[in-house]
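Novice: What follows is the residue order along each chain.
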Amino acid sequence: EAGVAQSPRYKIIEKRQSVAFWCNPISGHATLYWYQQILGQGPKLLIQFQNNGVVDDSQLPKDRFSAERLKGVDSTLKIQPAKLEDSAVYLCASTGGGRGETQYFGPGTRLLVL
Amino acid sequence: QQPVQSPQAVILREGEDAVINCSSSKALYSVHWYRQKHGEAPVFLMILLKGGEQKGHDKISASFNEKKQQSSLYLTASQLSYSGTYFCGTSRGGGSNYKLTFGKGTLLTVNP
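Residue numbers (my numbering), protein chains in the order written: chain A, 1 to 114; chain B, 1001 to 1112.
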């Protein structure tokens, strides 16, 4: 079974530029999460989708971050304009539901904002 | 509310044991344990649900004390491959309320 796919793996941009990350979850997984992981810290949830609807985006900085999950499959996370403090690894995870609801993570996109 | 992990870091020699703790001030529905190696994605280890259970596979096991809202991860006879950062993720609810809040992690280093 293929895992969670993310691209690009690395991205370097200058502050005030825009950037987009893509995620394709495990086939059949209805729930998709985007996390931000700053160096030395645990992942922090940015947004949670159930199919193509947003369940929780309370920690998403909506003035600069946006995300969508059209057709309830793959998803895109965008930052515009980027700030220095956005430098982090952006992880995508998915779960198929059921008791326990184990989250499976993708390899992440490492973003460096200069 | 972010769970608190302890210790922050631990160094072992191959074959030694370690315990990593995760505690919350709020009632929990589940506790998840992940291991992350440098530059890689977190890898799922196990999940414990409320009801106070213990799980394990191979030489890694975990417990969840629902009354204390604490979980512990036990690594016995550590191997070099156990090195990495261990995160606990906690959820206060299931279904649509299911979302993980991760601790800051425990860096485990196993030396030969």
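Derived by calculation from the structure, the hints in this document are not laboratory data. Treat each hint with caution, since some may be false.
Said to hold, decoys possible - To list a few chain A residues with every Cβ distance to chain B over 12 Å, as calculated:
1. GLN6
2. TRP22
3. LEU70
4. GLN80
5. LYS83
6. GLU85
7. SER87
8. LEU91
9. GLN103
Stated by the list, open to error - Per label pair, the in silico range of CB-to-CB distance:
10. B:GLY1094 with A:LEU114: 38 to 46 Å
11. A:GLN41 with B:ASN1065: 24 to 32 Å
12. A:ARG16 with B:PRO1112: 46 to 54 Å
13. B:ARG1013 with A:ALA30: 38 to 46 Å
14. B:GLY1015 with A:ASP63: 45 to 53 Å
In this text, a Cβ means the ideal position worked out from N, Cα and C, and glycines have one as well.
Novice: In terms of Cβ atoms, is chain B entirely out of 12 Å range of A:TRP22?
Specialist: holds (15 Å)
Novice: Note whether the CB distance of B:GLY1094 and A:LEU114 lies within 38 to 46 Å or breaks it.
Specialist: holds (42 Å)
Novice: Examine each Cβ of chain B, and state whether all of them lie more than 12 Å from the Cβ of A:LEU70.
Specialist: holds (21 Å)
Novice: Evaluate the condition: distance from the CB of A:SER87 to the nearest CB of chain B exceeds 12 Å.
Specialist: It holds; A:SER87 is separated from chain B by about 15 Å at its closest Cβ, greater than 12 Å.
Novice: Can you tell me whether the CB distance of A:GLN41 to B:ASN1065 sits inside 24 to 32 Å?
Specialist: Between A:GLN41 and B:ASN1065, where Cβ atoms are some 25 Å apart, the hint holds.
Novice: Does the no-contact call for A:GLN6 survive, Cβ to all of chain B over 12 Å?
Specialist: violated (9 Å)
Novice: Cβ-Cβ distance between B:GLY1015 and A:ASP63: within 45 to 53 Å?
Specialist: holds (52 Å)
Novice: Would the non-interface assignment of A:GLN103 survive a Cβ cutoff of 12 Å against chain B?
Specialist: Contrary to the label, A:GLN103 does not stay out of reach of chain B, its closest Cβ about 6 Å off (not over 12 Å).
Novice: Would you assess whether A:LEU91, listed as outside the interface, keeps its beta-carbon beyond 12 Å of every beta-carbon in chain B?
Specialist: violated (7 Å)
Novice: Non-interface claim for A:GLU85: all C-beta distances to chain B beyond 12 Å?
Specialist: holds (18 Å)
Novice: Examine each Cβ of chain B, and state whether all of them lie more than 12 Å from the Cβ of A:GLN80.
Specialist: With a cut-off of 12 Å, A:GLN80 remains clear of chain B, as the shortest Cβ separation is near 25 Å.
Novice: Looking only at beta-carbon atoms, does the pair B:ARG1013, A:ALA30 fall within the given range of 38 to 46 Å?
Specialist: holds (44 Å)
The earlier numbered hints that this structure contradicts are 1, 8 and 9.
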